[in-house]
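Throw the hints in and build the complete structure from the sequences for me.
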Amino acid sequence: MLTRIVRMTFQEGKLADFHTIFDASKQHIRSFPGNCHLELLRDPDQPNVRMTYSLWTSADALEAYRKSELFRTTWAATKALFAERAVAFSGEQLEEI
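All the letters of the sequence shown, read from the start, carry residue numbers 1 to 97 under full-length UniProt numbering.
Just so you know, these hints were derived from the structure itself, not from any lab. Don't take every hint at face value.
In silico PhoX-like links for lysine-lysine, alpha-carbon gap of 20 Å or less [unchecked claim]:
| # | residue 1 | residue 2 |
| --- | --- | --- |
| 1 | Lys14 | Lys26 |
| 2 | Lys67 | Lys79 |
| 3 | Lys14 | Lys79 |
| 4 | Lys79 | Lys26 |
| 5 | Lys26 | Lys67 |
Okay, structure coming up:
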């Protein structure tokens with residue numbers, strides 16, 4: 001299982017546009033082969049920051065999604081709204097307590 005976290009900082013006044021994009025694509029992302037979980041989070045201290053938290057069956061499944069038309073179109077529209085570059089992290093679970 002691969003965990004992917006993407007932190008995105010949006011331009012002032014662009015959050016509503018992002019939420020429209022996310023609402024239109026979230027079910028497609030969630031049903032993409034290899035996706036097991038998807039959450040949208042907000043930073044409690046920075047109102048213009050959102051994060052996605054997703055679980056993938058493997059790095060290959062995430063890479064297949066990243067090469068898909070769904071990702072290309074969704075990411076292009078989302079990226080245009082950024083105030084700064086997104087930061088992404090991937091990790092494999094070692095232990096659950």
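Do the hints match the structure? See the list:
1. Lys14 x Lys26: 18 Å, holds
2. Lys67 x Lys79: At roughly 16 Å apart (the allowed maximum being 20 Å), Lys79 and Lys67 satisfy the hint.
3. Lys14 x Lys79: 11 Å, holds
4. Lys79 x Lys26: 16 Å, holds
5. Lys26 x Lys67: Between Lys26 and Lys67 the Cα gap is close to 17 Å, so the pair holds against 20 Å.
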